[in-house]
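Q: Residues per chain are reported as follows:
Number of protein chains: 2
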Amino acid sequence: MKKFVNDPKQFVPEMLTGIALANPDTLKYEPKYNLIMRADAPRADKVSIVQGSGSGHEPAHVMVVGKGMLDGACPGDVFAAPPMDYVYETVKLLRSDKGVLLLVNNYTGDRMAFDMAKEMSEAEGIKVATLFINDDVAVQDSTYTVGRRGVAGNFFVMKCVGAAAEEGAELDEVVRIGEKVNSVTRSMGIALTACTPPAKGSPLFELGEDEMEVGVGIHGEPGRRRATLVTADEIVDELLGAVVPDLPYASGDRVALMINGLGGTPISELYLLFGIAHRKLADQGITVARSYVGEYCTSLEMAGASLTLVKLDDEIERLLEAPAEIAYRVF
Amino acid sequence: MKKFVNDPKQFVPEMLTGIALANPDTLKYEPKYNLIMRADAPRADKVSIVQGSGSGHEPAHVMVVGKGMLDGACPGDVFAAPPMDYVYETVKLLRSDKGVLLLVNNYTGDRMAFDMAKEMSEAEGIKVATLFINDDVAVQDSTYTVGRRGVAGNFFVMKCVGAAAEEGAELDEVVRIGEKVNSVTRSMGIALTACTPPAKGSPLFELGEDEMEVGVGIHGEPGRRRATLVTADEIVDELLGAVVPDLPYASGDRVALMINGLGGTPISELYLLFGIAHRKLADQGITVARSYVGEYCTSLEMAGASLTLVKLDDEIERLLEAPAEIAYRVF
Numbered sequence: 001m002k003k004f005v006n007d008p009k010q011f012v013p014e015m016l017t018g019i020a021l022a023n024p025d026t027l028k029y030e031p032k033y034n035l036i037m038r039a040d041a042p043r044a045d046k047v048s049i050v051q052g053s054g055s056g057h058e059p060a061h062v063m064v065v066g067k068g069m070l071d072g073a074c075p076g077d078v079f080a081a082p083p084m085d086y087v088y089e090t091v092k093l094l095r096s097d098k099g100v101l102l103l104v105n106n107y108t109g110d111r112m113a114f115d116m117a118k119e120m121s122e123a124e125g126i127k128v129a130t131l132f133i134n135d136d137v138a139v140q141d142s143t144y145t146v147g148r149r150g151v152a153g154n155f156f157v158m159k160c161v162g163a164a165a166e167e168g169a170e171l172d173e174v175v176r177i178g179e180k181v182n183s184v185t186r187s188m189g190i191a192l193t194a195c196t197p198p199a200k201g202s203p204l205f206e207l208g209e210d211e212m213e214v215g216v217g218i219h220g221e222p223g224r225r226r227a228t229l230v231t232a233d234e235i236v237d238e239l240l241g242a243v244v245p246d247l248p249y250a251s252g253d254r255v256a257l258m259i260n261g262l263g264g265t266p267i268s269e270l271y272l273l274f275g276i277a278h279r280k281l282a283d284q285g286i287t288v289a290r291s292y293v294g295e296y297c298t299s300l301e302m303a304g305a306s307l308t309l310v311k312l313d314d315e316i317e318r319l320l321e322a323p324a325e326i327a328y329r330v331f
Numbered sequence: 001m002k003k004f005v006n007d008p009k010q011f012v013p014e015m016l017t018g019i020a021l022a023n024p025d026t027l028k029y030e031p032k033y034n035l036i037m038r039a040d041a042p043r044a045d046k047v048s049i050v051q052g053s054g055s056g057h058e059p060a061h062v063m064v065v066g067k068g069m070l071d072g073a074c075p076g077d078v079f080a081a082p083p084m085d086y087v088y089e090t091v092k093l094l095r096s097d098k099g100v101l102l103l104v105n106n107y108t109g110d111r112m113a114f115d116m117a118k119e120m121s122e123a124e125g126i127k128v129a130t131l132f133i134n135d136d137v138a139v140q141d142s143t144y145t146v147g148r149r150g151v152a153g154n155f156f157v158m159k160c161v162g163a164a165a166e167e168g169a170e171l172d173e174v175v176r177i178g179e180k181v182n183s184v185t186r187s188m189g190i191a192l193t194a195c196t197p198p199a200k201g202s203p204l205f206e207l208g209e210d211e212m213e214v215g216v217g218i219h220g221e222p223g224r225r226r227a228t229l230v231t232a233d234e235i236v237d238e239l240l241g242a243v244v245p246d247l248p249y250a251s252g253d254r255v256a257l258m259i260n261g262l263g264g265t266p267i268s269e270l271y272l273l274f275g276i277a278h279r280k281l282a283d284q285g286i287t288v289a290r291s292y293v294g295e296y297c298t299s300l301e302m303a304g305a306s307l308t309l310v311k312l313d314d315e316i317e318r319l320l321e322a323p324a325e326i327a328y329r330v331f
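Order-wise, the sequence lines are chains A and B.
UniProt numbering applies: residue 1 is where the first sequence begins, and numbers increase by one.
UniProt numbering applies: residue 1 is where the second sequence begins, and numbers increase by one.
Check before you lean on any hint, since a few could be wrong.
Because identical chains cannot be distinguished in the list, a pair is counted as satisfied if it fits within a single copy or across any two copies.
[As the list claims (entries may be wrong)] Straight-line C-alpha distance at most 30 Å; calculated BS3-like pairs for lysine-lysine: (1) 200 - 2; (2) 280 - 28; (3) 280 - 200; (4) 32 - 180; (5) 127 - 280.
These aren't lab readings, by the way, just hints derived from the structure by calculation.
Being a predicted model, the structure only gives us computed values, none of them experimental.
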């Protein structure tokens with residue numbers, strides 16, 4: 001296992017310690033619950049936005065806590081849903097009179113933890129809503145999922161609900177916006193290699209030297225098929241061929257296009273894919289009005305990429321443009 | 001070779017096309033010279049800042065063109081210095097009455113291209129200065145270098161000269177600042193895997209399943225030694241043990257700490273390293289006042305990381321804090 005790691009069991013806490021030390025003025029770290037939260041949260045005048053998931057998908061979600069995005073993130077161990085009590089304690093710490101919105105990528109373990117935490121929080125009189133994200137068009141059900149999986153498209157939901165909450169929107173309105181963004185967002189990914197969870201120490205699956213997994217999940221779940229590695233052009237055709245007809249996106253649409261790296265693929269290759277996808281969308285009369293290239297939702301060191309489209313309207317575009325400040329940054 | 005690529009010979013142009021398409025309002029792309037430049041450059045009221053190097057180190061340098069950073073970047077092919085005429089044409093296109101500053105990481109091929117381009121530009125009456133960056137403490141001379149190599153510490157030079165130029169500083173002053181930043185910046189890296197240039201199609205070197213290369217170069221150059229992979233704590237000791245005594249950084253110093261990913265290492269591991277290094281520096285009385293964690297100067301998909309320290313003073317800190325807007329971004 002070729003990783004920078006001490007005791008694999010301490011991988012997540014040591015990562016979270018690093019995030020907190022890099023952001024002493026803006027973030028707080030509560031080790032008992034793996035919680036990274038805004039230093040200025042909760043605020044009585046805004047809905048608190050929370051997401052948790054397994055670790056191993058960074059920057060999602062612990063590195064996107066901050067102004068205009070999440071108020072808190074409470075991850076589980078690598079590829080494991082957060083324990084229900086982590087979520088429950090997080091909700092209590094981020095309790096606001098305006099309510100708490102829990103974002104959940106659609107995996108069975110995550111849903112269970114968040115549903116139970118919601119129930120327990122409501123029993124204490126806390127106003128809580130949940131919103132499930134399921135942008136991955138690859139497969140209907142999956143290894144850890146009933147229904148579609150939630151993957152990198154989740155970023156757009158976080159960004160829009162985060163902006164709306166920052167502006168003071170009520171909980172119902174924030175939920176409406178999040179559901180709307182989720183409803184116009186579609187993704188699919190391709191893996192070129194597997195990945196190795198630190199505590200497991202060996203790859204999650206095997207992929208031959210000339211193979212790729214089309215429609216891979218972010219925990220290495222099987223996709224639509226195993227295929228021979230083809231050119232970048234053909235890969236983009238495969239991704240657009242699955243994503244575009246699904247909503248469908250159509251000639252005349254304005255979209256956000258994201259090429260998300262799965263962890264081990266350099267950004268040079270992501271921009272190469274972006275350029276190809278941009279051109280092929282233009283050929284279909286679809287205009288890329290907003291561009292996202294980089295790592296948003298990863299699968300440890302997996303080599304691979306996913307493509308996400310969001311159909312834009314004035315409301316979504318305005319919320320995507322709103323300022324935000326998070327730990328994951330260049331400067 | 002597991003990459004997203006079409007014809008390997010078109011890897012760099014296709015990447016640059018993607019960068020240009022993602023930034024239609026702020027960047028211009030001149031395919032003849034691999035040039036990515038600010039759409040508003042050159043400006044008569046500011047020194048133009050240019051860097052070029054081999055490709056394969058993205059986001060350096062083509063993705064850090066923009067306000068407060070570079071005015072233009074003219075890379076060569078993967079791991080190959082830009083041809084002299086690319087640099088020369090770039091200087092002509094970015095000619096400003098206030099002058100042009102050429103930043104060059106210290107590699108023999110790059111120095112040759114930039115020195116010749118400078119000479120030819122001066123013969124045409126263009127005011128040009130060059131500044132060589134050599135922050136890597138690993139080895140004195142290297143495969144492609146006389147003297148020390150320039151690696152990720154280069155980011156801090158770009159940031160500070162970019163900010164100074166944006167404020168209208170004269171060429172001499174911009175050079176003074178860049179030389180000062182370079183003089184207080186030190187780096188060293190460790191590779192866990194090799195990398196594969198697209199046109200070569202096979203790894204640049206071989207590294208055993210339990211081996212790491214201590215002091216690796218960003219083109220896979222040998223470092224100080226090949227060693228058995230150890231814990232993250234021990235790796236940080238090794239890096240700090242080389243970097244701290246070199247300047248030296250001492251108790252009472254305020255520093256910027258960068259943990260830079262070499263391309264294939266997930267940001268979770270980088271934050272883990274950051275947390276460890278932060279604590280070990282505090283133990284030595286050195287205060288981390290500014291934090292940089294992510295990919296700044298990579299080596300294709302190499303798994304690995306480098307650590308950079310910059311000794312801060314008020315001037316450097318102010319320039320690092322100045323706003324900047326580049327293609328490489330989250331939102």
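Q: Hint by hint, note whether the structure agrees.
A: Status of each hint after checking the structure:
Taking CA atoms no more than 30 Å apart as the test, residue 200 paired with residue 2 passes in both settings, with 12 Å inside one copy and 24 Å between copies. Taking CA atoms no more than 30 Å apart as the test, residue 280 paired with residue 28 passes between copies only; the shortest distance there is 21 Å, against 44 Å inside one copy. In this homomeric assembly, residue 280 and residue 200 come within 30 Å of each other (Cα to Cα) only across copies, at 28 Å, whereas the closest approach inside a single copy is 40 Å. Taking the shortest Cα distances, residue 32 and residue 180 never come within 30 Å of each other, neither inside one copy (34 Å) nor across copies (44 Å).
In the homo-oligomer, the alpha carbons of residue 127 and residue 280 never lie at most 30 Å apart, since the shortest distance is 45 Å inside one protomer and 43 Å across protomers.
Of the hints listed earlier, those the structure fails to meet are numbers 4, 5, in rising order.
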